[in-house]
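Student: Since the structure of chain P is provided, determine the placement of chain L on it from the hints.
As a plain string of letters, each chain reads:
Number of protein chains: 2
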Amino acid sequence: MEQHVREEWEKFSELLSKISGYGEAIGLLHWDLRTGAPRKGAEVRSGTIGMLSGELFRLETSSEMGAFTEYFSRPDVGSQLSEVQNKIVKDCRKEYERSKSIPSKRYEEYAVLAAHSETMWEEAKEKSDFASFEPFLSKIVAFKQEFIDYWGVKGTRYDTLLDMYEPDLTVEKVDEVFSRLRSRLVPLVEAIAASPNKPDTGFLNQIFEKEQQEKFGLFILEQMGYDFEAGRLDESVHPFATGLNPGDVRITTNYLLDNVTSSVFSSLHEGGHALYEQNIDKKLVGTPLAQGASMGIHESQSRLWENMIGRSRAFWERYYGDLQQHFPVQLADVQVEDFYRAINSVANSFIRIEADELTYNLHIIVRYEIEKLIFNEGLTVKELPQVWNAKYQEYLGITPPSDGLGVLQDVHWSGGDFGYFASYSLGNMYAAQILNTLRKELPELENLIAAGNLLPIKEWLTDKIYRHGQSLTPSQIIEQVTGEPLNPDYLADYLEAKYTELYKL
Amino acid sequence: MEQHVREEWEKFSELLSKISGYGEAIGLLHWDLRTGAPRKGAEVRSGTIGMLSGELFRLETSSEMGAFTEYFSRPDVGSQLSEVQNKIVKDCRKEYERSKSIPSKRYEEYAVLAAHSETMWEEAKEKSDFASFEPFLSKIVAFKQEFIDYWGVKGTRYDTLLDMYEPDLTVEKVDEVFSRLRSRLVPLVEAIAASPNKPDTGFLNQIFEKEQQEKFGLFILEQMGYDFEAGRLDESVHPFATGLNPGDVRITTNYLLDNVTSSVFSSLHEGGHALYEQNIDKKLVGTPLAQGASMGIHESQSRLWENMIGRSRAFWERYYGDLQQHFPVQLADVQVEDFYRAINSVANSFIRIEADELTYNLHIIVRYEIEKLIFNEGLTVKELPQVWNAKYQEYLGITPPSDGLGVLQDVHWSGGDFGYFASYSLGNMYAAQILNTLRKELPELENLIAAGNLLPIKEWLTDKIYRHGQSLTPSQIIEQVTGEPLNPDYLADYLEAKYTELYKL
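From first to last, the protein sequence lines stand for chains P and L. Using my numbering, the letters of the first sequence correspond one by one to residues 744 to 1248. Using my numbering, the letters of the second sequence correspond one by one to residues 744 to 1248.
Be careful, since some hints might not be right.
Quick list of the computed label-pair ranges, beta carbon to beta carbon [claimed, not checked]: (1) P:Leu758 - L:Glu1097: 42 to 52 Å; (2) L:Lys1183 - P:Leu1000: 49 to 59 Å; (3) L:Glu840 - P:Leu1198: 57 to 67 Å; (4) P:Leu1198 - L:Thr1123: 51 to 61 Å; (5) P:Ser938 - L:Lys953: 45 to 55 Å; (6) L:Glu840 - P:Leu758: 27 to 37 Å; (7) L:Lys953 - P:Leu1185: 38 to 48 Å; (8) L:Glu889 - P:Leu758: 28 to 38 Å; (9) P:Pro878 - L:Lys837: 39 to 49 Å; (10) P:Lys953 - L:Asp943: 50 to 60 Å; (11) L:Ile950 - P:Ala1240: 34 to 44 Å; (12) P:Leu1198 - L:Ile1141: 55 to 65 Å.
Not close to chain L: a few residues of chain P, all C-beta gaps over 10 Å, as computed [as the list claims (entries may be wrong)]: (13) Arg841; (14) Lys1026; (15) Ile1113; (16) Ala1240.
In case anyone wonders, no lab produced these hints; they're calculated from the structure. Quick reminder that beta carbons are idealized off the backbone N, C-alpha and C, glycines included.
Just chain P, with the same shape it has in the complex (with noise of 0.2 Å):
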């Protein structure tokens, strides 16, 4: 590398390093917003994070970082940085370009409607109230169809939202692979529906004491090898994981007392978005590249850990007597095969978070639907509890009682995060392609988790895919570890072959 080339290198790197420094003091003011910051302090919160994300926003597109990119797109230059300093300033650059095409007084406004409005839907979904909510959605509507013309149409309005989250797929893509999974999931769940074989799942209705509900979580993160010196579990109304440094990375979790399901999946759900971020190499720290591959990505690896290991039935072999010993009352009559099946029960139900693997998709589907409408066809705030509820009675069979159970449960579209739940399903899909390749290559799989010896596994997925974080596509992710792309037919086969057994279909 030409002395020149290196030396503008470390002031590049200087400018990357301070810009992933705010990316941490945001990420920490929002995590303390969520999990514990007095309510009287939010308002003002919420303008510091607004002006800080300005400032975030300022330094991405500014004319260092215009020049800099530029300077090192060169292809005499480009030339002589390696391919993850290329894939740096690749990365960078199409931010700039997307970041610049917006007036930041414009988006530094956004910022701070997104925070107030993430608070004021907090409210609003607990009295289930959306026509307090629905002026502040409205206006981050409005901001997002601004931003749509800024960065410019591609294809539909819809794509690009969609390639925010994951890059390189399209409308068209994303209409093809769910409609391959839906036709093979809709006599799948059918067949369930008319299935004599129901599973018992009232033990689960029981009162389970938060704190043994915490010890255990506590113990299942640790198992799974999270890292508790570089991150720590917290209480949010939504449960989430944020990697504010690969040496600190949190997750929060939700208790709920009549339901000690959801909080040990959301703890493995979170859990494997964190294995991700506490493992990538530290090498790639202070760059953009210190985060996961996409989206989807992120989501293949919550959901591998929560679903495919966390509902399987070796897992529960090994820790279902843990989870007794938590909880000796009410578990004490269950055997593990028949919490094996409650777990994996089958129902059509209206919150997202707390479906089976299986329905999980329609949930997805709905709000897919109802996103490309709000952007390709014009759809209102105001339509969207009706919408909502009639989308449900069409694919779930039933209907919402009120739109906190409804049209308000999710976070995502109080902080202008349209676009992201098609990674649910693709993080699905991903899923079980990459388990596919590890019972190849691990071929012990079930052994190994039915033995409690998971760090293998975190092992083998921190060398195939934590490690490189954003230094690969997810296109180049799935390709290299499985050697072939996108492939819905994996999730298909594996919900059939697990639900065929369970329901002896």
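Tutor: Positioned in the frame of chain P, the structure of chain L alone reads:
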């Protein structure tokens, strides 16, 4: 106000609000690091705090700040501003000029040295090895001497340092009040030492369960009027209060199993700081006036609540029964009067932060006199241990057996905080003087306290002090509230009356 002035003020307000936001973010990053951030993230976190502190400094010394404060300082412009606005301009200008006067290269060298020096101090304190720390402290002092020249000498050289923490206070004035105070306290301390009526403190040396300590602390904070919707209580090694904004003022405490009084009085102390910041007028949010008037006035509020209310007989007449209920075994045979006498036991000890409210002032006077000798009389750092020990012998009748228990005990000097110590005793004096007025204006004060009716006290303090934030100077506050300037006799009177009765002198 002319339109141009109004428009400029709006732009200036945006800059001020941005500065406030950086302060809030840095405050939260610090709070988090001290209360529960995972260990492995600490190094990256420190870098993030350093980066944001640099950004904040850049804003405070920006050409924008220079131009705004110069413009608003013009008589024809200033005359159109409110009193509060003029105070904002004055404070910002002072900070700007002070920071600007130091060549940035020298300041950076100093910052590196100060950080290193703190680490060296920690090691030296642990080994009680002053010689290893001396070269670093000498360099810190040399830098401070250089900075005094940059800042400009007002009165004596040490005046320049004092002014940073307690505006308008001079060496002449502090000399006068400290020597008056000392002349009354030294004989009092001697008389107590000679008194046969020593309280029994043996029962304090028991195990007090942490959970119960926490419950009692939360109860007392609630009684004081601390607003838990605008704050929270956490644990940290060293207790502190931090006002992120007036709607988010957090406090921490530290539970010592073998010392229940430590957490109780640190909660009252930090609670006093927090009441101040929670009750600052919301109109001042986003300006540099949304903080305490000075270190001394801030300290007066922690001391008033901790000592003058919290260590009063009336307070424990009301709350001792509650404390007993929290520790029924430990305090079963201890009468309230014995408890009151034990928590007010006076002892000549080596460590400032463990000192009682009476001898505490002598610890401060030692430090004040030594700082003055350094900056006004050329006392060398090498001579410090000898001078320190001689002064402890003279005022407290004891000679530290090691420098770890003597000159090395405090962190302040290692980080360059010369001029700060005086604030602690100024706080005691302000508190006693304010208490004297409070007693006149709420003649039923003792009865209110004994009835657990503390809110009228909080309301009175809010009206007289808290709501003003930094919009008044310390001397304006003390004169407006009490009708006269700082007068050390109120503290001496208070201490003489209390301890003469307590020790039957």
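Student: Would you mind marking each hint as holding or not holding in the structure?
Tutor: For each hint, the structure was consulted:
Range check, Leu758 of chain P to Glu1097 of chain L: Cβ separation about 48 Å, and the 42 to 52 Å hint holds. For Lys1183 of chain L paired with Leu1000 of chain P, a C-beta distance near 54 Å keeps the hint of 49 to 59 Å intact. Our hint of 57 to 67 Å for Glu840 of chain L and Leu1198 of chain P holds, since their Cβ atoms are close to 59 Å apart. A hinted range of 51 to 61 Å holds for the C-beta pair Leu1198 of chain P and Thr1123 of chain L, which are about 59 Å apart.
Range check, Ser938 of chain P to Lys953 of chain L: Cβ separation about 53 Å, and the 45 to 55 Å hint holds. In this structure, Glu840 of chain L and Leu758 of chain P meet the distance hint of 27 to 37 Å, their C-beta atoms being roughly 30 Å apart. Taken as a hint, the range 38 to 48 Å holds for the pair Lys953 of chain L and Leu1185 of chain P, whose Cβ atoms sit roughly 45 Å apart. Distance hint check for Glu889 of chain L and Leu758 of chain P: the Cβ-Cβ separation is about 32 Å, which falls inside the suggested range of 28 to 38 Å.
Checked against the given bound of 39 to 49 Å, the beta carbons of Pro878 of chain P and Lys837 of chain L, roughly 44 Å apart, stay inside it. Between Lys953 of chain P and Asp943 of chain L the CB atoms are about 43 Å apart, so this pair departs from the stated range of 50 to 60 Å. Evaluation of the 34 to 44 Å hint for Ile950 of chain L and Ala1240 of chain P yields a failure: the beta carbon distance comes to about 58 Å. At roughly 57 Å, the beta-carbon separation of Leu1198 of chain P and Ile1141 of chain L lies within the given 55 to 65 Å, and the hint holds.
In this structure Arg841 of chain P is separated from chain L by more than 10 Å, as the shortest Cβ-Cβ distance comes to about 24 Å. For Lys1026 of chain P, the non-interface assignment is confirmed: its Cβ lies about 13 Å from the closest Cβ of chain L, beyond the 10 Å cut-off. For Ile1113 of chain P, the condition that its CB be more than 10 Å from all CB atoms of chain L holds, with the nearest at approximately 35 Å. Residue placement check: Ala1240 of chain P keeps its beta carbon more than 10 Å from all beta carbons of chain L (closest about 39 Å).
Hint check: violations occur at hints 10, 11; the rest are consistent with the structure.
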